[in-house]
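Just so you know, the protein sequences line up as chains A and B, in that order. Using the working numbering, read the first sequence as starting at 7 and increasing by one per residue. Using the working numbering, read the second sequence as starting at 327 and increasing by one per residue.
There's no promise every hint is true.
As the list claims (entries may be wrong) - For lysine-lysine, the following BS3-like pairs were computed, each having C-alpha atoms within a straight-line distance of at most 30 angstroms:
no.: 1; chain 1: B; residue 1: K408; chain 2: A; residue 2: K278
no.: 2; chain 1: A; residue 1: K495; chain 2: A; residue 2: K482
no.: 3; chain 1: B; residue 1: K688; chain 2: A; residue 2: K113
no.: 4; chain 1: A; residue 1: K91; chain 2: B; residue 2: K333
no.: 5; chain 1: B; residue 1: K408; chain 2: A; residue 2: K145
no.: 6; chain 1: B; residue 1: K688; chain 2: A; residue 2: K91
no.: 7; chain 1: A; residue 1: K130; chain 2: A; residue 2: K316
no.: 8; chain 1: A; residue 1: K464; chain 2: A; residue 2: K357
no.: 9; chain 1: A; residue 1: K154; chain 2: B; residue 2: K635
no.: 10; chain 1: A; residue 1: K154; chain 2: B; residue 2: K688
no.: 11; chain 1: B; residue 1: K677; chain 2: A; residue 2: K145
Calculated from the structure, these hints are not laboratory results.
Listed here are the chains, written in short residue letters.
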Amino acid sequence: MNQGAAGGWEVVIGIETHAQLATQSKIFSGASIAFGAEPNVQACAVDLALPGVLPVLNRGAVECAIRFGLAVGAEVAAHSVFARKNYFYPDLPKGYQISQFEEPVVKGGQLTIRVGEGDKATEKTIRLTRAHLEEDAGKSLHEDFHGKTGIDLNRAGTPLLEIVSEPDLSSSAEAVAYARALHALVRWIGICDGNMQEGSFRCDANVSVRRPGAPLGTRREIKNLNSFRFLQQAIDYEVRWQIETLEDGGRIQQATVLFDPDSGETRTMRTKEDAHDYRYFPDPDLLPLVIGSDWIERVRGEMPELPDAKRARFMADYGLSAYDATTLTASLEVANYYEAAVAAAGAAAAKPCANWVMVDLAARINREGIDFAAAPVSAQQLGRLVARIVDNTISNNIAKKVFEAIWAGEGGSGEDAADRIIEAQGLKQITDTGAIEALIDGVLAANPAMVAEFRAGKEKAFNALVGQAMKATKGKANPQQVNQLLRSKLQ
Amino acid sequence: MIELSLKELAAGLAAREFSSVELTQAYLDRIARLNPQYNAFITVDPEKSLAQARAADARRASGESAPLLGVPLAQKDIFCAKGWRTTCASRMLENFVSPYDATVIERFDAAGAVNLGKTNMDEFAMGSSNETSYYGAVKNPWDPARVPGGSSGGSAAAVAARLAPAATGTDTGGSIRQPAALCNLTGIKPTYGVVSRWGMIAFASSLDQAGPMARSAEDCAILLNAMAGFDPRDSTSLERPVEDYTRLLAAPAADLPLAGLRIGLPREFFGEAERSGCDARVMQLVDEAIAAYRALGAETVEVSLPAMKLAVPAYYVIAPAEASSNLSRFDGVRYGHRAAEYGDLDDMYAKTRAQGFGAEVKRRILIGTYVLSHGYYDAYYRQAQRIRRLIAEDFAAAFRQCDVIMGPTSPGTAFRLGEKAADPVQMYLSDIYTIAVNLAGLPGMSVPCGLADGLPAGLQLIGNYFGEARLLEVAHRYQQASAWHRQRPAALAD
Numbered sequence: 007m008n009q010g011a012a013g014g015w016e017v018v019i020g021i022e023t024h025a026q027l028a029t030q031s032k033i034f035s036g037a038s039i040a041f042g043a044e045p046n047v048q049a050c051a052v053d054l055a056l057p058g059v060l061p062v063l064n065r066g067a068v069e070c071a072i073r074f075g076l077a078v079g080a081e082v083a084a085h086s087v088f089a090r091k092n093y094f095y096p097d098l099p100k101g102y103q104i105s106q107f108e109e110p111v112v113k114g115g116q117l118t119i120r121v122g123e124g125d126k127a128t129e130k131t132i133r134l135t136r137a138h139l140e141e142d143a144g145k146s147l148h149e150d151f152h153g154k155t156g157i158d159l160n161r162a163g164t165p166l167l168e169i170v171s172e173p174d175l176s177s178s179a180e181a182v183a184y185a186r187a188l189h190a191l192v193r194w195i196g197i198c199d200g201n202m203q204e205g206s207f208r209c210d211a212n213v214s215v216r217r218p219g220a221p222l223g224t225r226r227e228i229k230n231l232n233s234f235r236f237l238q239q240a241i242d243y244e245v246r247w248q249i250e251t252l253e254d255g256g257r258i259q260q261a262t263v264l265f266d267p268d269s270g271e272t273r274t275m276r277t278k279e280d281a282h283d284y285r286y287f288p289d290p291d292l293l294p295l296v297i298g299s300d301w302i303e304r305v306r307g308e309m310p311e312l313p314d315a316k317r318a319r320f321m322a323d324y325g326l327s328a329y330d331a332t333t334l335t336a337s338l339e340v341a342n343y344y345e346a347a348v349a350a351a352g353a354a355a356a357k358p359c360a361n362w363v364m365v366d367l368a369a370r371i372n373r374e375g376i377d378f379a380a381a382p383v384s385a386q387q388l389g390r391l392v393a394r395i396v397d398n399t400i401s402n403n404i405a406k407k408v409f410e411a412i413w414a415g416e417g418g419s420g421e422d423a424a425d426r427i428i429e430a431q432g433l434k435q436i437t438d439t440g441a442i443e444a445l446i447d448g449v450l451a452a453n454p455a456m457v458a459e460f461r462a463g464k465e466k467a468f469n470a471l472v473g474q475a476m477k478a479t480k481g482k483a484n485p486q487q488v489n490q491l492l493r494s495k496l497q
Numbered sequence: 327m328i329e330l331s332l333k334e335l336a337a338g339l340a341a342r343e344f345s346s347v348e349l350t351q352a353y354l355d356r357i358a359r360l361n362p363q364y365n366a367f368i369t370v371d372p373e374k375s376l377a378q379a380r381a382a383d384a385r386r387a388s389g390e391s392a393p394l395l396g397v398p399l400a401q402k403d404i405f406c407a408k409g410w411r412t413t414c415a416s417r418m419l420e421n422f423v424s425p426y427d428a429t430v431i432e433r434f435d436a437a438g439a440v441n442l443g444k445t446n447m448d449e450f451a452m453g454s455s456n457e458t459s460y461y462g463a464v465k466n467p468w469d470p471a472r473v474p475g476g477s478s479g480g481s482a483a484a485v486a487a488r489l490a491p492a493a494t495g496t497d498t499g500g501s502i503r504q505p506a507a508l509c510n511l512t513g514i515k516p517t518y519g520v521v522s523r524w525g526m527i528a529f530a531s532s533l534d535q536a537g538p539m540a541r542s543a544e545d546c547a548i549l550l551n552a553m554a555g556f557d558p559r560d561s562t563s564l565e566r567p568v569e570d571y572t573r574l575l576a577a578p579a580a581d582l583p584l585a586g587l588r589i590g591l592p593r594e595f596f597g598e599a600e601r602s603g604c605d606a607r608v609m610q611l612v613d614e615a616i617a618a619y620r621a622l623g624a625e626t627v628e629v630s631l632p633a634m635k636l637a638v639p640a641y642y643v644i645a646p647a648e649a650s651s652n653l654s655r656f657d658g659v660r661y662g663h664r665a666a667e668y669g670d671l672d673d674m675y676a677k678t679r680a681q682g683f684g685a686e687v688k689r690r691i692l693i694g695t696y697v698l699s700h701g702y703y704d705a706y707y708r709q710a711q712r713i714r715r716l717i718a719e720d721f722a723a724a725f726r727q728c729d730v731i732m733g734p735t736s737p738g739t740a741f742r743l744g745e746k747a748a749d750p751v752q753m754y755l756s757d758i759y760t761i762a763v764n765l766a767g768l769p770g771m772s773v774p775c776g777l778a779d780g781l782p783a784g785l786q787l788i789g790n791y792f793g794e795a796r797l798l799e800v801a802h803r804y805q806q807a808s809a810w811h812r813q814r815p816a817a818l819a820d
């Protein structure tokens with residue numbers, strides 16, 4: 007089913023994503039948007055919708071929308087309009103949400119997704135319909151109030167970018183790939199922290215099924231999915247449910263549904279019949295949003311290189327595989343770290359740098375549960391360490407020890423931490439052939455039994471002799487060299 | 327003291343002929359004595375007013391001097407004033423004490439003016455007679471059996487009854503100009519965006535504009551200097567260089583002080599057939615005022631505003647649409663009235679709003695909700711916005727032929743209390759001459775131009791965008807040559 011067609015059915019999915027914008031203050035007021043404050047301490051007169059207050063648009067939020075529009079190759083509208091979406095709810099203080107309706111700030115655009123792992127991954131381009139700016143509502147708190155409802159308006163007025171895709175996704179796997187790609191992109195361009203637990207990035211999925219070639223089926227919208235796993239589970243359940251309903255002769259009613267992670271099921275929240283009439287109209291308190299080309303060009307000049315471009319460049323300039331390039335461009339932090347490491351190590355070390363970043367460093371970072379930016383081994387330190395492997399100063403094994411030592415703070419915080427540790431601990435690789443030959447002669451003389459075993463055809467004995475030779479040099483001899491010399495001496 | 331103009335009050339205060347405390351106390355005494363007759367004020371708080379007066383006297387003592395330092399003014403109860411009950415004449419906000427100041431209030435505070443109290447008005451500024459107030463109708467000092475006009479009727483009655491030297495008003499469809507006309511005052515609604523709407527409780531955001539109501543154009547100019555100015559808290563506020571609105575008033579009076587002024591007389595007001603839309607006695611006074619302008623050197627040209635006839639229907643789509651949304655925040659959740667007993671959430675909303683709003687407010691919420699509804703939006707709201715553009719284009723064309731447009735402010739003089747209360751359409755037609763000005767966002771004034779059977783009539787002056795200073799000058803020259811604005815209600819107690 008994840009591959010799309012499910013028993014002669016075609017799955018059609020479109021996703022609406024609410025990305026909370028990483029501004030300092032709210033979209034129409036000066037109150038802070040920091041997460042986790044005591045209820046209602048971050049709600050000013052505007053957020054409380056006191057009589058007589060007025061909204062003033064936060065330019066930072068507009069700038070986020072421009073960045074996004076440029077990142078997805080969309081049209082950044084020269085003229086867009088804020089509209090009021092009217093409905094009553096206790097956590098909606100004004101009785102309307104300020105959003106954009108007929109004229110959004112971002113029109114069109116596209117996002118490339120990769121479905122599947124490694125070499126089997128396939129690319130697909132998903133079209134975007136639009137992205138528009140709007141304010142978030144507050145929160146209704148139903149616990150701890152003895153049957154009453156508490157209202158926390160800290161979140162009211164938080165800036166959101168609602169990103170709407172075309173119904174181009176045909177499986178839950180594609181939906182997750184899309185959500186992940188979008189999540190990576192908004193973090194990459196610095197407009198959203200992507201924290202899904204705190205609700206900074208949440209998805210609604212519009213799901214329908216049809217027979218191939220048939221017109222679009224009736225869709226149901228699954229609201230507020232705040233993890234990739236829930237997105238997958240909810241769509242899988244919904245698709246199964248819709249197919250079963252139709253195969254049983256039933257009809258799908260347009261509806262908004264909620265996903266219950268405990269039961270793994272979706273349940274209807276409201277149907278089209280009881281849908282609100284939001285009575286959208288242009289907000290007379292706000293002028294149309296006019297974005298001049300000079301503003302767009304300034305933002306374009308400040309944009310980081312985008313993931314796809316960087317990925318292509320890593321493959322072309324550094325000779326990385328598609329898989330490595332994809333992994334190293336999963337986030338801007340990783341990509342920046344990698345590039346800084348390569349800059350310190352030299353372009354010739356690009357491939358070993360990639361391995362070190364993706365394997366050794368990534369493993370260590372995951373174990374500690376920290377970010378790349380917070381790693382105690384800086385990109386420059388790692389690059390200089392990898393350079394020492396490449397120029398044969400140390401072996402890869404010794405390098406792992408040195409890496410741990412840098413991580414532990416030995417060698418100081420300078421870029422030359424690796425060199426200091428190699429020097430201080432005498433870890434420099436022995437490459438002098440004469441010295442290694444002398445060493446091997448000693449090992450052969452001391453282990454006549456092993457030599458005899460090898461000569462009798464036991465290859466394992468050879469490895470044991472290598473081990474002895476390495477032990478004698480405390481690992482500092484070049485392993486390839488030891489191998490080579492030992493074999494020639496035994497022949 | 328109570329007959330002194332703002333300029334004279336400033337001079338008296340500067341010369342220490344009286345202190346702000348004495349002046350404020352004199353007005354407070356008058357309010358205490360006469361307000362029960364007129365119901366012009368919803369809230370007076372003598373302690374607060376006198377504290378401001380003392381502060382003004384202290385500023386004066388420390389050498390400060392400013393045109394409004396120590397001058398008491400009445401504030402329409404639509405402006406949020408910190409620590410003051412701010413009701414908008416609604417039960418919904420009966421106990422709402424504002425935690426913040428409107429920009430207008432803040433600017434008057436900075437200028438050293440004293441807040442005498444919050445004046446009565448139509449509920450949420452919806453009305454033309456001041457009869458929709460939850461706090462009772464306001465009586466016209468010229469005839470207490472008649473309405474003062476609305477929605478700024480409390481401010482108009484307060485100034486006309488000499489309970490305040492001047493007051494603030496707001497004008498969405500005529501709410502400054504019509505009560506000014508009915509109470510023999512001078513009032514100006516500036517160009518939309520000149521005075522900040524921050525803290526002014528919204529009725530129809532794209533039309534609302536605050537302005538002064540006083541006994542002369544000169545007083546209005548002094549007040550507008552304090553009120554106008556860019557405010558970053560209001561996105562529709564216009565960023566323009568600071569203007570001195572009194573700057574054209576000081577010019578020495580010549581024989582023909584208005585020579586070269588071209589007055590546009592719209593066919594839609596003055597045409598043979600169209601004249602009958604207005605009370606003949608009022609029309610007669612307007613004609614006489616225009617003749618007086620010719621005598622001051624002005625010439626008149628006929629202009630046409632063909633879309634004008636669509637102004638009232640367009641207004642009664644746009645204003646209620648915006649109001650229906652603006653008033654959604656009064657939901658009983660965070661502040662204001664909440665029904666004492668209710669079932670579920672929807673019942674709480676329904677009971678709270680049924681109890682908190684009066685009939686006219688409910689009528690407009692219903693109209694506004696209807697015209698914005700799915701399937702009706704294009705037919706009503708979008709169409710009304712088109713009419714709005716046509717009206718603005720009409721005015722633009724007219725202003726290529728003239729400098730100022732004149733006509734009646736109101737189709738009649740003050741009507742009897744209750745006379746139009748049962749017929750909303752008749753009531754809405756009270757603003758037939760004023761509404762188009764709001765739809766176009768232009769500045770408009772009303773100037774007293776005579777008495778018809780003892781009741782005041784107003785001449786309306788409409789200027790081009792940002793033409794306030796010129797409008798005030800045109801009004802001032804007329805007031806230098808006439809005495810209508812000096813008339814005071816015959817029955818008024820001293």
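These are the hints, each one checked on the structure:
Distance check on the hinted pair: K408(B) and K278(A) sit about 45 angstroms apart at the alpha-carbon level, beyond 30 angstroms; violated. Proposed proximity of K495(A) and K482(A) is supported: the alpha carbons are some 20 angstroms apart, at most 30 angstroms. Restraint check: the Cα-Cα separation between K688(B) and K113(A) comes to about 39 angstroms, which exceeds 30 angstroms; the hinted pair is violated. Only pairs whose Cα atoms come within 30 angstroms are accepted, and K91(A) paired with K333(B) is rejected, the gap being roughly 48 angstroms.
Using a Cα cut-off of 30 angstroms, the hinted pair K408(B) and K145(A) holds, with the two alpha carbons roughly 28 angstroms apart. Restraint check for K688(B) and K91(A): satisfied, since their Cα atoms lie roughly 20 angstroms apart, inside the 30 angstroms limit. At most 30 angstroms may separate the alpha-carbon atoms for a hinted pair to count; K130(A) and K316(A) meet this at roughly 18 angstroms. About 36 angstroms separates the Cα atoms of K464(A) and K357(A), which puts this hinted pair outside 30 angstroms; it is violated.
Restraint check for K154(A) and K635(B): not satisfied, since their Cα atoms lie roughly 52 angstroms apart, outside the 30 angstroms limit. The hinted pair formed by K154(A) and K688(B) meets the criterion: a straight-line CA distance of about 29 angstroms does not exceed 30 angstroms. Restraint check for K677(B) and K145(A): satisfied, since their Cα atoms lie roughly 24 angstroms apart, inside the 30 angstroms limit.
When held up to the earlier numbered hints, the structure conflicts with 1, 3, 4, 8, 9 and fits the remainder.
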